[in-house]
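> What follows is the residue order along each chain.
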Amino acid sequence: MSKHRRYRRALRWSLLLLALVLVLPLVPYAVAAGGTQFNTPGVELWDAVRARVQGPMRTQVEGVQSNQLINYWGDQWRLFRSQLLVPIGAVMLLAMLGIITVFYLVRGRIEIEGGRSGVLVPRFSVNQRVVHWLAATVFIVLGLTGLVLLYGRYVLVPLLGPEGFGVTASACKEMHNLFGPLFPVAILAIMFSFGRGNSFRGIDFQWFLKAGGLFGHAMADSGYYNGGQKTWFWLTVLFGIAMSVTGLILVFPNFGQGREAMAVAHVIHGVVAVGFITASLGHIYIGTLGMEGAAESMTNGYVDAAWAKEHHNLWYAEMERAGMVGVSPNTMEEVKRHDDRDFRGFGQPLGRREPLDPTVSPPNRGPTGGGISPAATPSAPKEST
Amino acid sequence: MARMKFFCDAERCIECNGCVTACKNANEVPWGINRRRVVTLNDGEPGERSLSVACMHCSDAPCQAVCPVDCFYQTEDGLVLHDKDICIGCGYCFYACPFGAPQFPSEGAFGSRGKMDKCTFCAGGPEETASAEEQRKYGANRLAEGKLPACAEMCATKALLAGDADEVADIYRERVAYRGAVGMATGWGVGYGKPGIRSNTIDLTGKAAGRD
Amino acid sequence: MSSIAAFVDGPFWYFSLTVFVVGVLWRLIGLLSMRGNKELSQPRDSATGGVIHSVLSRFIPVAGSQSRIRVRTVASYLFHIGLFLILIFGAPHVAFYESRMLGFGWTPMPQWLFFLVSAIAFLGLIVLWLHRIMYPVTRSVTTASDHIATGLVFWVMLTGCMALGESSEFLRVLHLFMAELLLLYFPFSSLMHAFYWHVARAHTGAHYGRRGVKV
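Protein chains in written order, with the numbering used here: chain A, 99 to 483; chain B, 7 to 218; chain C, 3 to 217.
Just so you know, nobody snuck in bad clues.
Chain A stretches covered by chain C per the calculated footprint, using a threshold of three residues with CB under 8 Å from any CB of chain C:
#1 229-238
#2 260-268
Label-pair restraints from in silico Cβ distances:
#3 A:Gly262 / C:Ile150: 27 to 35 Å
#4 B:Gln80 / A:Asp145: 30 to 38 Å
#5 B:Ser65 / A:Val141: 26 to 34 Å
#6 C:Asp47 / A:Gly293: 45 to 53 Å
Keep in mind that the hints were calculated from the coordinates and are not lab data.
Just so we're clear, the structure is a prediction, and the values are computed from it rather than from any experiment.
Cβ coordinates follow ideal geometry from the N, Cα and C atoms, glycine included.
All chains, please: the whole structure from these sequences, using the hints.
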């Protein structure tokens, strides 16, 4: 037993010794950590710099925020651009193109049921069409050049080589900067020319419920503009204002707006641009390839009565009551209509908002009321198709 | 190859702006642009510090990552340079750079926005080395002549160090060790040692032992 | 490539400039030497007064049509003033005149004004061109030559805009080439209105002024 106890005591002592050997060297460290303050120079200052709570900074060198030591948001902006804007934007644009392609393959071109009637209804005046194509020109120039700047590094550099793409990108950047200031002008003109009749009404929600008759053949009721067109109008206005404001912040870099403002403006500019271009693809498709009889409203200003009846039945009824269906696109008459200062009802009879209900009878019109008096178009065929 | 680096020792920088001037002189940078600047923290207060800042020639350079025309490239020395023939002056590198190194020209020759300009570590650009074209677009190519950047060579207090990363690190490590040894016991106040002092020969009272 | 550029920048430039100058002079001389029927009636009023009145008053549209053509009036003023400001005071153009043609220069526009004026000129040109296509009257009097002239001006402006970055010789030469095409086309198209407008106004003004008609 005593031998056993001696063994246990020896074990206990050796364990204690081991513990001492292990722990004792740590004591100076513990003392140092608890007691001694190393007076490292400027430690608080650099801690503050690292914690981004710097005091006042100054530099003799003039420049855009040259007194700022570190640009904190630069890396956030870089991550946004390279990991969110570029890939998600590409996915959105390609997805939209894919959806349109599938839609075209499945649904085909939306044709006028029963064919064209040959009878014309005036829809957009000269000024409206000029404004539309001005905005379209500026939008296409800005959109294409902007896409080159966003995706050229991934798509065009392999094709053109760095020098070739450098030339392309330089040309695109200059066009983008120069056409940029025209965009707010075009958007303002759009607001004034197309604002009337673009406020949402109850029937627009019914139109949305029926998906605008895109699927199947049941057409939804619609006035001068349908729900989709109103959505596109308001998207254009809102996106256009956002693009214009952020674009103007970006275009003159030495205006004292600073780096953060430009980075934030760029984020908004990029996000809205991708959304705007994506939406515009749908607008361009349905206005040209996707629907028979739609594009002519923006080229010569008239639409076929059958198309009007099918897609804008309430507006058609209104035009019929105003005696504006079946005008001939004869030059003299057109000029008379465009030049008549009292006549501002090209496509939209004056003084009347779109009726909510097609059964509502039009109010009495004075002899000087808007619209073409029947006498002005005696030869116009009036039959409905 | 060496990995080139700048390092500014804030304990030595006295905000004389000699580096800024040397850079402008060596590179004849465009009007309104300073490739290097000195930033002073807590100016006029006790414990103010100054740092000379320019392009730090990052390994993973944000400017290179965001450039829409991919005009930045890294040399074998680890320098981040850009090709002004390809640059379109969009300014994305300026947004992304942590140090504000790439800059918009204030006014291009023909009044357009022009190309971005940035520190080249006095290593010129993609043009033929020491050509007039290189000098015009990018400034001096001192590296090709076996010299270090003008800013660092001009620095009166040797606060701004430039060169091979290992050597810069060695010099700074030596300084820190010396300061640390001094500072621990006596507080900061004798920052500048004398030639030949090595940290391992200093006792804790700050007195150098066994120096010649 | 560089040989084409050298040709466009050298011989072709002098050729098109010569065609432009000679063509414009030829057409002006031709116009001024045209002889109509001799005016036999007694002058009732001063022809000079009619000329001055007509040349100046036509800067503003006649009262009856002002509101009708307001868009066109504003757009054409924006375009023409903008175009000539760029042509005369644009910094690259001043540098070109100084180094290549005149040997002396003048103070160019600042950068921000250059951008603004170019944008305004583009706005005017696009609106006018669209209006020309959309408005039935102008559409019916427009010929292919007018579209070519407008298109050339548009492309000269667009390539000039592309070359603003001064990043490549290619873009500069492209702009120069388009300008040369415009110069070649100029004397043989309706672009001659740049030299005819006051002659035409003066002719009408003299005619009516002599007869004592207030127009």
